[in-house]
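Student: Start from chain A and add chain B with the ligand according to the hints.
Same order as they appear, the protein sequences are chains A and B.
Heads up, this note's numbering is the position in the first sequence plus 1176, with the first residue counted as 1.
Heads up, this note's numbering is the position in the second sequence plus 6, with the first residue counted as 1.
If you're looking for bench data, these hints aren't it; they were derived computationally from the structure.
Just so it is clear, CB atoms sit at the ideal spot from N, CA and C, and this is done for glycine as well.
Among the clues, some could well be false.
[To be verified] Pair ranges (Cβ atoms, derived):
1) Ala199(B) / His1344(A): 32 to 40 Å
2) Glu396(B) / Asp1303(A): 35 to 43 Å
3) Pro1232(A) / Met474(B): 34 to 42 Å
4) Asp62(B) / Ala1365(A): 52 to 60 Å
5) Glu1322(A) / Asp80(B): 50 to 58 Å
6) Glu1358(A) / Arg113(B): 57 to 65 Å
7) Asp401(B) / Ala1365(A): 54 to 62 Å
8) Gly254(B) / Lys1369(A): 27 to 35 Å
9) Lys260(B) / Lys1369(A): 21 to 29 Å
10) Ser1212(A) / Thr180(B): 47 to 55 Å
11) Pro185(B) / Pro1239(A): 43 to 51 Å
12) Asp332(B) / Gly1335(A): 32 to 40 Å
13) Ala1373(A) / Ser110(B): 31 to 39 Å
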Amino acid sequence: MDKFETLTGVAAPMPLVNIDTDMIIPKQFLKTIKRSGLGVNLFDEMRYDDDGNEIPDFVLNQPAYRSAEILVAGDNFGCGSSREHAPWALKDFGIKSVISTSFADIFYNNCFKNGILPIVLPQEQVDILMEDARKGENARITVDLENQTVTSSDGQSFGFEVDPFKKHCLLEGLDDIGLSLEKSASIDAFEAKAGQARPWV
Amino acid sequence: MTGKTLYDKIWDAHVAHEADDGTCLLYIDRHLVHEVTSPQAFEGLRMAGRSVRAPDKTIAVPDHNVPTTIGREDPEQMTEDSRIQVEALDKNAKDFGIHYYPVSDIRQGIVHIVGPEQGWTLPGMTVVCGDSHTATHGAFGALAHGIGTSEVEHVLATQTLIQKKSKNMKVEITGKLRPGVTAKDITLSVIGATGTAGGTGYVIEYCGEAIRDLSMEGRMTVCNMAIEGGARAGLIAPDEKTFEYVKGRPHAPKGAQFEAALDWWKTLYSDDDAHWDKVITIKGEDIAPVVTWGTSPEDVLPITGAVPSPNDFEGGKVEAAQRSLDYMGLEPGTPLSEIEIDTVFIGSCTNGRIEDLRAAAAILKGKKIKDGMRAMVVPGSGLVRAQAEEEGLADIFKDAGFEWRLAGCSMCLAMNPDQLKPGERCAATSNRNFEGRQGRGGRTHLLSPAMAAAAAVTGRLTDVRELM
Ligand code: SF4
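Only chain A is shown next, with the shape it has when bound in the complex:
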């Protein structure tokens, strides 16, 4: 996995609440057996019309936001299905961090597995960053994972919380399967004990 350190980039404003995983990547693109190549279909139904032409109003189609690396979004981002195609599509497009007041649990977890940092901030701070994002490509937002801060283009800085283990894995670009396999002895021991207590499992 790629390491996540500090990111300064264009942030696209998406104030809509409850942006669900069907919006992020509609189901017709789930028929792939690969992880890559989903970026062109990110937000497909909001981004293209029935003939496949770009809808100019959609934020990521606007010149200022075509190379956005951050999304500032409304409440409950990523609700809906467990499809990891959602973070795969975001990543493939180039989004490395999403800022919102809240995220759906499974989506939140899936982000970390793919080098994307989801950041939860209180409403007032998201509002400030949303305004900042509306300024377009000159307003670059900085995300510093090490110090756990987000800084707006005019220098307002906000701290955020992140689970220490998740932070560690993201900073180092670690493969968590490899880490868990190092604990095989504990898993073996658990399996032996549980096998006796609950042999029917």
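Tutor: Just chain B with the ligand now, kept in the frame of chain A:
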């Protein structure tokens, strides 16, 4: 010391490793796999030269993509990309030696229906699947999470999941339900009350007299939609009904092992003095037959209500409600029972079980669907289908004008050929009404199987009590 919740008890029985910061490796008893969210996980294993740690605890079934029309074994019936996914699952199941129910097997069906039906899902277990509706299995008092594909790979390789404990939330439904009110109305009403983020960070335990009174099928319907309320898992404490349902299933314990299991299962309830981080109480008699009007499962109202106005909401929901109304093509103030529909879908892991088909058939018996209506029943598994045929339900559906399909997810998410066209409006027993969920531009109203049957007859969203 305070007591434990059911979630606490199951959690404690499955921690294989705990790090200093509280991050745990939670041991997984059952891993269910389907074709859409697993190919990349198996690919990852191959690339890293890893194997499946516990193939015996891993069960695979294709469901999301498969056609549900008769003669579907014919590969021509599937689009090429769907076929590639199903073939990948065939191959992965074989290569890694996991249990498999191919499309040709009568036991094939929606993964969350097959698991309980075959006795893979048992009380007190940890169950995961690369699908958010894994919460369904919580109806057995199993801790059941939806996971992403990276986590699928993690579970395949290690039989564990990296987890931090969630908080405990109790949702109590007191008293009795009124006639015409079903498990689906309970679960939708809870989401209507809490919102789609109300359960985020929690594991929900559903309890109270109205929940106890539900059959196992009804309890699965309730837990199924825990995720629509934001909770990764929903639970119901096992009781005699649970044990009765489980007993004799192909993969349930037998004889002395069943007795031993029963001794443990009977300890699986929340202690009276357990700590709850959040409690919601709803009176059973206050729940009405409900429908959704918008594009979020929280957009729930009693069928006797009217389409709301965006101004009825606050904050970001004002804009979301306006967007929903535009998408759904609805005017504020329109009585819900005047909304005309052209499609009815009965099926899905929410409402594709035998009891659901019985409830719908009871309304349809001797009636016809409205002229021009496209209506289909997609049983949740081949076994549900066979039983419904045996009970004569299939004939009731067919006589009424419904298509009688083979098992799969079908129009719940429209990855197979069953899709709505732009502007079509569907009464659906599934669990998501998101934009485009049932086909680009398609409009979805969620409701119970009995309400769906009533809508098929009248051609509009209908209060089922008028037809009872
Ligand atoms: S029936 Fe629908 S919700 Fe259930 S597993 Fe299939 S696609 Fe998902």
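Student: Take the hints in turn and mark each one as holding or not.
Tutor: Hint check results:
1. A beta carbon spacing of about 38 Å between Ala199(B) and His1344(A) agrees with the range 32 to 40 Å that was offered as a hint.
2. Between Glu396(B) and Asp1303(A) the CB atoms are about 59 Å apart, so this pair departs from the stated range of 35 to 43 Å.
3. The hinted window of 34 to 42 Å between Pro1232(A) and Met474(B) is violated, with their beta carbons roughly 51 Å apart.
4. Hint check: Asp62(B) to Ala1365(A), Cβ distance near 19 Å, so the stated range 52 to 60 Å is violated.
5. Taken as a hint, the range 50 to 58 Å holds for the pair Glu1322(A) and Asp80(B), whose Cβ atoms sit roughly 57 Å apart.
6. The hint said 57 to 65 Å for the Cβ distance between Glu1358(A) and Arg113(B), and at roughly 38 Å that hint is violated.
7. In this structure the hint that Asp401(B) and Ala1365(A) lie 54 to 62 Å apart at CB holds, the actual value being about 56 Å.
8. Distance hint for Gly254(B) and Lys1369(A): a CB-CB separation of about 28 Å, consistent with the stated range 27 to 35 Å.
9. Checking the proposed 21 to 29 Å range against Lys260(B) and Lys1369(A) shows it holds: the Cβ atoms sit about 23 Å from each other.
10. Range check, Ser1212(A) to Thr180(B): about 51 Å between beta-carbon atoms, so the 47 to 55 Å window is met.
11. The hint said 43 to 51 Å for the Cβ distance between Pro185(B) and Pro1239(A), and at roughly 59 Å that hint is violated.
12. In this structure, Asp332(B) and Gly1335(A) meet the distance hint of 32 to 40 Å, their C-beta atoms being roughly 38 Å apart.
13. In this structure the hint that Ala1373(A) and Ser110(B) lie 31 to 39 Å apart at CB holds, the actual value being about 38 Å.
Hint compliance for this structure: hints 2, 3, 4, 6, 11 are broken, all remaining hints hold.
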